[in-house]
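Colleague: What follows is the residue order along each chain.
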Amino acid sequence: MPFQRMITLTTDFGLTEHYVGAMKGVIHSINPTAQVVDITNAVQSFDVLDGALAVSQAYHYFPKDTVHVVVVDPGVGGPRRPIIATIGQYLFVAPDNGVLSLVYEREERVSVRHITSEHYFHHPVSNTFHGRDIFAPVAAYLSKGVDTAKFGEEITDYVRFLAPTPKAMAENSWKGLVLKTDKFGNLITNISPKNIPQIFDGPSKTFKITVGKAEVTKLVSNYAEGAPGELFALLGSTGFLEISANKAAASRVAMADKGSEVTVTIA
Amino acid sequence: MPFQRMITLTTDFGLTEHYVGAMKGVIHSINPTAQVVDITNAVQSFDVLDGALAVSQAYHYFPKDTVHVVVVDPGVGGPRRPIIATIGQYLFVAPDNGVLSLVYEREERVSVRHITSEHYFHHPVSNTFHGRDIFAPVAAYLSKGVDTAKFGEEITDYVRFLAPTPKAMAENSWKGLVLKTDKFGNLITNISPKNIPQIFDGPSKTFKITVGKAEVTKLVSNYAEGAPGELFALLGSTGFLEISANKAAASRVAMADKGSEVTVTIA
Amino acid sequence: MPFQRMITLTTDFGLTEHYVGAMKGVIHSINPTAQVVDITNAVQSFDVLDGALAVSQAYHYFPKDTVHVVVVDPGVGGPRRPIIATIGQYLFVAPDNGVLSLVYEREERVSVRHITSEHYFHHPVSNTFHGRDIFAPVAAYLSKGVDTAKFGEEITDYVRFLAPTPKAMAENSWKGLVLKTDKFGNLITNISPKNIPQIFDGPSKTFKITVGKAEVTKLVSNYAEGAPGELFALLGSTGFLEISANKAAASRVAMADKGSEVTVTIA
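Residue numbers (my numbering), protein chains in the order written: chain A, 7 to 273; chain B, 7 to 273; chain C, 7 to 273.
Isolated chain A (complex conformation) (with noise of 0.2 Å):
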């Protein structure tokens, strides 16, 4: 078998229509045997934000080499360049529209190219279908081992923008957001360790957090912890803070979703 790099796709194409699968079609037409791989397809729409939570959350359990497509998208057809970016031992494919930004956060080695060899495109390109006619056959192309230098040019005025973090509002009070309602119903905050260690420090501390029409004062370190229908806090498998709920949806419960205030105090 020769050299070959996975393929992952993150995307808001959905899948309820045919898009993720052409997609798919011009990578295995240009390369077979390529092994792709979803890590969600189902981005919110034109969410840039949402996108770059979905890769940064599982690109670095892939293999190294891996070629992560990261698709949300809603500036196609017009100025915003698409990249090539080599972030610590993975390659990316994706608009220049910060979707990575939370990828370059957590890795020290960036190199990033603007993708400007039409010969790695799929004929006729599309004003509004960059995914199928740029993303894909570029990551099929570097799937089969094409050097990243064929693509174009290094640049390094790519954008990036901050993840949103909480804010000190008093000495012992903060104002974050809910980043995500999961499946599960579980709100996904902005608050990790880094930002307020207190509320992780253990059972002595106090804290009071509220969301939507909720208030929690109970740290838990898994669900089962918890009594039904009761909200409690832990620090979830994302690294960051989630309100949630012992077999039942939290944002129900807190009637809060994305987007929503979550304000915290320390006793």
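Derived by calculation from the structure, the hints in this document are not laboratory data.
This structure is a prediction, so every number in the text was calculated from the model and none was measured.
There could be a bad hint or two in this list.
With a straight-line Cα cutoff of 25 Å, these simulated BS3-like cross-link-like pairs (lysine-lysine) come out [as the list claims (entries may be wrong)]:
id, chain 1, residue 1, chain 2, residue 2
1, C, K70, B, K150
2, C, K264, C, K173
3, C, K214, C, K173
4, A, K189, C, K264
5, B, K189, B, K253
6, A, K150, B, K70
7, A, K200, A, K173
8, B, K189, C, K253
9, B, K264, C, K253
10, B, K264, C, K189
11, A, K264, A, K189
12, C, K181, C, K219
13, C, K214, C, K200
14, C, K264, A, K253
15, B, K224, B, K253
16, B, K189, C, K189
17, A, K189, B, K253
18, B, K173, B, K219
19, C, K224, C, K253
20, C, K189, A, K189
21, B, K189, A, K264
22, B, K189, A, K189
23, C, K214, C, K224
24, C, K189, A, K253
25, C, K173, C, K200
26, C, K264, C, K200
27, B, K214, B, K200
28, A, K264, B, K253
29, C, K150, A, K70
30, B, K200, B, K173
31, A, K173, A, K214
Given chain A, work out where chains B and C should sit, using these hints.
Modeller: Only chains B and C this time, still in chain A's reference frame:
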């Protein structure tokens, strides 16, 4: 590695049950190294035209010789025939209910066989799930290189319908419809440059499109050209006219959906 | 190619987040050429019976030696044990919460081990995502041929529940329930020919089934036999009685859903 044809799936079986998983199990039991790729399994339930659209938009991006399994099959267990169609460079396995109509339309060489060799079925054959018991195993044998002639006799009276096209209402007026609303809320119409070239002829022409509660008079070449919240027309990656919005669901803005009437007037 | 067992996934992790992608990343990091197939990742959240149903309906269609990973795990991080079960010709990796009960029911040979060898875990092991940190890596090592004995000691007190079966209420009267509503709106009940053979005995028998607001007195052998909008009973591909409609969602027509009571009276 022996000869292998790739397999794709386009079905209305959904992702919430075990249906697609059972089909893949049957395929891998017959051909353990089969490569199976989903085009989509979220075709609207019972909707043969929706399945026809999905496969017609994606099949040609796959390597030649790919076996496309297309199962939208409300007549399962009744008199409709299971077929293998050789169309252009591809093989299709499907019920003979017209679900391949839009593929027939795009290709010149078509040869269809009625699948009758029960030897290639998964037994016992249920009355309600031929996806698992007939179409999946037949595709698996085809992927291993079994000749199409082994599965049954050629037929010429296969079912074929015409996709709905816009109708001329007056000299400069047409009535079309929304074929589907995609995950982004784009309203994909049945209007193509072949039908009403005047819409796409450049900025000098003026047109008025009505759909739902909206009136659209602007043509753009990509989504980012539109102002926030504004509805516009563009030629989508499907080859059809779309009514869309920039980072918003046009379907919600226009209050229109699949099946909505679209009227076009050229000034 | 070295010895390989295929891997399947049946989980409630959903497709909207990165959870399943992270599991696949861990698997491919350990076994780059693993073949991973989704049975479904849309099991109802926290619903062990729903997961048990899904895997029991699909596992036996896969090649022998397949490793089925089944993660519906509301007790993650608590005292419930992770297990490897050798059942018939297959291996299963799951939490010991009964999610394999319906598979145990179908097979004679069952041998279960408590997974304790942390050597095969992904470290650090989180408290809330053993799908990624325990079940995925264990499955990956099994797929490479590691012997089950290496993962931990055999146990016999594994958790096993009985699927809910219809109850006899009077001489010719039973009460069952809707196990699930599928994507088509079919109401899949817990009634099989073993429980009430009289329903399936052919046209001479008469029965009355009530579910939601509907009364059903007709048995058909496939969906297309029903008149439009009419509700009917049929023996579904799952082996259970379904209440269905022809090209319509029976759940909407009957105003019934998962958990609804189903009463059967034989005349």
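Colleague: Would you mind marking each hint as holding or not holding in the structure?
Modeller: Status of the hints after comparison with the structure:
1. A hinted pair counts as satisfied when its Cα atoms are at most 25 Å apart, and C/K70 with B/K150 qualifies at roughly 19 Å.
2. A hinted pair counts as satisfied when its Cα atoms are at most 25 Å apart, and C/K264 with C/K173 qualifies at roughly 17 Å.
3. With a C-alpha separation of about 16 Å, the suggested pairing of C/K214 with C/K173 holds against the 25 Å cut-off.
4. Of the supplied pair hints, the one linking A/K189 and C/K264 holds, its CA atoms being roughly 19 Å apart against a limit of 25 Å.
5. At most 25 Å may separate the alpha-carbon atoms for a hinted pair to count; B/K189 and B/K253 meet this at roughly 12 Å.
6. Simply put, A/K150 and B/K70 have alpha-carbon atoms about 19 Å apart, close enough for the 25 Å limit, and the pair holds.
7. Using a Cα cut-off of 25 Å, the hinted pair A/K200 and A/K173 holds, with the two alpha carbons roughly 13 Å apart.
8. A C-alpha spacing of about 23 Å is found between B/K189 and C/K253, which places the hinted pair at or below 25 Å, so the restraint holds.
9. Pair hint B/K264 plus C/K253 holds up; C-alpha atoms about 17 Å apart against a cutoff of 25 Å.
10. The straight-line distance between the Cα atoms of B/K264 and C/K189 is roughly 19 Å, inside the 25 Å bound, and the hint therefore holds.
11. With a CA separation close to 12 Å, the supplied pair A/K264 and A/K189 stays within the 25 Å bound.
12. With a CA separation close to 15 Å, the supplied pair C/K181 and C/K219 stays within the 25 Å bound.
13. A threshold of 25 Å between alpha carbons decides the hint, and for C/K214 with C/K200 the separation of about 18 Å falls inside it, so the pair holds.
14. For the hint pairing C/K264 with A/K253, the CA-to-CA distance comes to about 17 Å; that is within 25 Å, so the pair holds.
15. For the hint pairing B/K224 with B/K253, the CA-to-CA distance comes to about 17 Å; that is within 25 Å, so the pair holds.
16. At roughly 18 Å between alpha-carbon atoms, B/K189 and C/K189 fall within 25 Å of each other, so this suggested pair holds.
17. Between A/K189 and B/K253, the direct Cα distance comes to roughly 23 Å. Compliance with the 25 Å bound is thereby established for this hinted pair.
18. Among the hinted pairs, B/K173 with B/K219 is consistent with the structure: their alpha-carbon atoms are about 21 Å apart, no more than 25 Å.
19. Simply put, C/K224 and C/K253 have alpha-carbon atoms about 17 Å apart, close enough for the 25 Å limit, and the pair holds.
20. A distance of roughly 18 Å separates the Cα atoms of C/K189 and A/K189; the hinted pair therefore holds under the 25 Å criterion.
21. Pair hint B/K189 plus A/K264 holds up; C-alpha atoms about 19 Å apart against a cutoff of 25 Å.
22. Taken as a hint, the B/K189 and A/K189 pair is honoured in the structure, with Cα atoms around 18 Å apart against an allowance of 25 Å.
23. The suggested pairing of C/K214 with C/K224 holds, with an alpha-carbon distance near 8 Å, which does not exceed 25 Å.
24. Distance check on the hinted pair: C/K189 and A/K253 sit about 23 Å apart at the alpha-carbon level, within 25 Å; holds.
25. With a CA separation close to 13 Å, the supplied pair C/K173 and C/K200 stays within the 25 Å bound.
26. Proposed proximity of C/K264 and C/K200 is supported: the alpha carbons are some 21 Å apart, at most 25 Å.
27. Restraint check for B/K214 and B/K200: satisfied, since their Cα atoms lie roughly 18 Å apart, inside the 25 Å limit.
28. Straight-line distance between C-alpha atoms of A/K264 and B/K253 comes to about 17 Å, which keeps the hinted pair within the 25 Å bound.
29. Proximity of C/K150 to A/K70 is assessed by CA-CA distance (about 19 Å); at most 25 Å being required, the pair is judged to hold.
30. Distance restraint check for B/K200 and B/K173: the Cα-Cα separation of roughly 13 Å lies within the 25 Å cut-off, and the hinted pair is therefore satisfied.
31. Note on A/K173 and A/K214: the hinted pairing holds, with a Cα-Cα distance of about 16 Å set against a maximum of 25 Å.
In this structure, every one of the numbered hints holds.
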